[in-house]
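**Q** Just need the whole structure built from these sequences, with the hints factored in.
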Amino acid sequence: MFPSNSVSVSCFDEIVKTNSVTIPSYLGRLILRTHHEDDTANLALVFSDSFSRRHLSFLQPPNGWGDERERNNNKQWTEQDFLDRVKVQTEARTNGKSCVLNIVLLATASNEKNDRCIGTTGFVKIDGNTGYLGIITHRDTTRMGYATEALYTTIVFAFEKLGINKIVMYTDEKNEEMRGWCEKTAGLKLFGKNPMEINGYAFTECEYQFNLDEWNHSIKKTLEFKMNKINTNEKLSLISTEQ
Numbered sequence: 008m009f010p011s012n013s014v015s016v017s018c019f020d021e022i023v024k025t026n027s028v029t030i031p032s033y034l035g036r037l038i039l040r041t042h043h044e045d046d047t048a049n050l051a052l053v054f055s056d057s058f059s060r061r062h063l064s065f066l067q068p069p070n071g072w073g074d075e076r077e078r079n080n081n082k083q084w085t086e087q088d089f090l091d092r093v094k095v096q097t098e099a100r101t102n103g104k105s106c107v108l109n110i111v112l113l114a115t116a117s118n119e120k121n122d123r124c125i126g127t128t129g130f131v132k133i134d135g136n137t138g139y140l141g142i143i144t145h146r147d148t149t150r151m152g153y154a155t156e157a158l159y160t161t162i163v164f165a166f167e168k169l170g171i172n173k174i175v176m177y178t179d180e181k182n183e184e185m186r187g188w189c190e191k192t193a194g195l196k197l198f199g200k201n202p203m204e205i206n207g208y209a210f211t212e213c214e215y216q217f218n219l220d221e222w223n224h225s226i227k228k229t230l231e232f233k234m235n236k237i238n239t240n241e242k243l244s245l246i247s248t249e250q
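Mapped onto the working numbering, the consecutive letters of the sequence shown carry residue numbers 8 to 250.
These are computed hints drawn from the structure, not numbers from a lab.
Quick reminder that beta carbons are idealized off the backbone N, C-alpha and C, glycines included.
Misleading hints may appear alongside valid ones.
Once the Cα atoms are required to be at most 25 Å apart in a straight line, the calculated SDA-like pairs of lysine to any residue come out as [as the list claims (entries may be wrong)]:
#1 Lys227 / Gln87
#2 Lys94 / Leu66
#3 Lys227 / Gly135
#4 Lys173 / Gln87
#5 Lys173 / Leu195
#6 Lys173 / Ile226
#7 Lys94 / Ile38
#8 Lys181 / Lys191
#9 Lys173 / Arg123
#10 Lys181 / Arg61
#11 Lys120 / Ile143
#12 Lys173 / Asn70
#13 Lys24 / Asn79
#14 Lys227 / Glu190
#15 Lys196 / Met185
#16 Lys132 / Glu75
#17 Lys173 / Gln216
Label-pair ranges, simulated between beta-carbon atoms [said to hold, decoys possible]:
#18 Asn79 / Glu221: 27 to 37 Å
#19 Gly207 / Leu90: 37 to 47 Å
#20 Ala114 / Glu184: 33 to 43 Å
#21 Arg78 / Leu113: 40 to 50 Å
#22 Thr25 / Ser57: 27 to 37 Å
#23 Phe198 / Ser17: 22 to 32 Å
#24 Asn238 / Gly207: 13 to 23 Å
#25 Glu86 / Lys191: 16 to 26 Å
#26 Gln87 / Ser57: 17 to 27 Å
#27 Ile22 / Lys82: 28 to 38 Å
#28 Glu184 / Gln87: 21 to 31 Å
#29 Leu90 / Thr149: 19 to 29 Å
**A** Here it is in structure tokens:
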């Protein structure tokens with residue numbers, strides 16, 4: 008059963024630094040896990056998809072695109088590009104500076120033949136007790152509540168295992184979906200806006216943040232209420248289909 012209470016720890020769990028992690032989600036439709044070889048191809052596709060990364064144009068492989076790919080505007084992620092990213096993230100996790108998890112949609116929930124990796128979430132950067140949370144998912148999994156389920160699961164894990172007691176989320180001002188999730192789904196208030204330029208991409212960055220007390224006081228219950236509503240609607244839909 009998924010933990011019902013978030014408990015802060017004073018430091019990044021040493022076991023998490025060097026071991027594989029698999030976490031069941033609140034509704035049981037997903038698991039979050041450290042990288043598996045089977046995830047690589049799907050994630051290279053997600054990171055290459057213009058829709059999935061339309062507000063993350065600054066994302067590029069650790070070694071950049073290279074001159075030829077820049078000239079040809081061939082900014083598609085290869086599997087090796089993604090493995091290079093995983094290597095960087097794994098080294099950072101070993102030092103307690105990052106914890107990125109792959110989002111795996113379970114076949115039992117999707118009626119697909121196999122489990123499928125649909126994106127990543129977690130903390131590309133952890134600075135002391137502050138974690139910087141993000142998410143990217145495949146275009147065919149939007150508006151199904153998977154992002155809420157994945158983010159909730161990641162947040163609980165962060166407060167329990169990563170020594171985090173404050174979470175910061177950044178998003179492009181033009182990213183209405185992510186801003187809507189922060190403000191309407193989670194009930195977060197806009198903390199500030201800042202002009203940014205990353206890898207030659209200029210945009211206005213919106214910042215949201217919350218701490219453990221705010222999480223326990225309201226945000227956690229708000230997300231659980233909305234996920235339980237999703238679960239109820241799915242059960243009603245199933246009953247209607249079977250009749």
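**Q** Does the beta carbon distance between Phe198 and Ser17 stay inside 22 to 32 Å, or does it fall outside?
**A** holds (25 Å)
**Q** Would the hint linking Lys181 and Arg61 be met if the CA-CA limit is 25 Å?
**A** It holds: about 10 Å lies between the C-alpha atoms, which stays within 25 Å.
**Q** Are the Cα atoms of Lys227 and Glu190 separated by 25 Å or less?
**A** Within the cut-off at roughly 14 Å; holds.
**Q** Does the alpha-carbon distance linking Lys24 and Asn79 stay inside the 25 Å limit?
**A** violated (39 Å)
**Q** Can the suggested window of 27 to 37 Å be confirmed for the beta-carbon pair Asn79 and Glu221?
**A** Hint violated: Cβ distance 47 Å, outside 27 to 37 Å.
**Q** Within 21 to 31 Å or not, the Cβ separation of Glu184 and Gln87?
**A** holds (30 Å)
**Q** Are Lys173 and Ile226 close enough, with their CA atoms no more than 25 Å apart?
**A** Status holds; Cα separation ~13 Å.
**Q** Given the hinted pair Lys132 and Glu75, is their alpha-carbon gap at most 25 Å?
**A** violated (30 Å)
**Q** Could you check the hint for me, namely that Thr25 and Ser57 are 27 to 37 Å apart, CB to CB?
**A** holds (36 Å)
**Q** Under the criterion that the straight-line Cα-Cα distance not exceed 25 Å, is the pair Lys120, Ile143 satisfied?
**A** Holds - the C-alpha atoms of Ile143 and Lys120 are around 23 Å apart, at most 25 Å.
**Q** Can the restraint linking Lys94 and Ile38 be considered satisfied, given a maximum Cα separation of 25 Å?
**A** Holds, at roughly 21 Å.
**Q** Honestly, do Gln87 and Ser57 meet the 17 to 27 Å range at C-beta?
**A** Given about 21 Å between the Cβ atoms, the range holds.
Of the numbered hints given earlier, the model fails hints 1, 4, 9, 12, 13, 16, 18, 19, 20, 24 and 25; all others are met.
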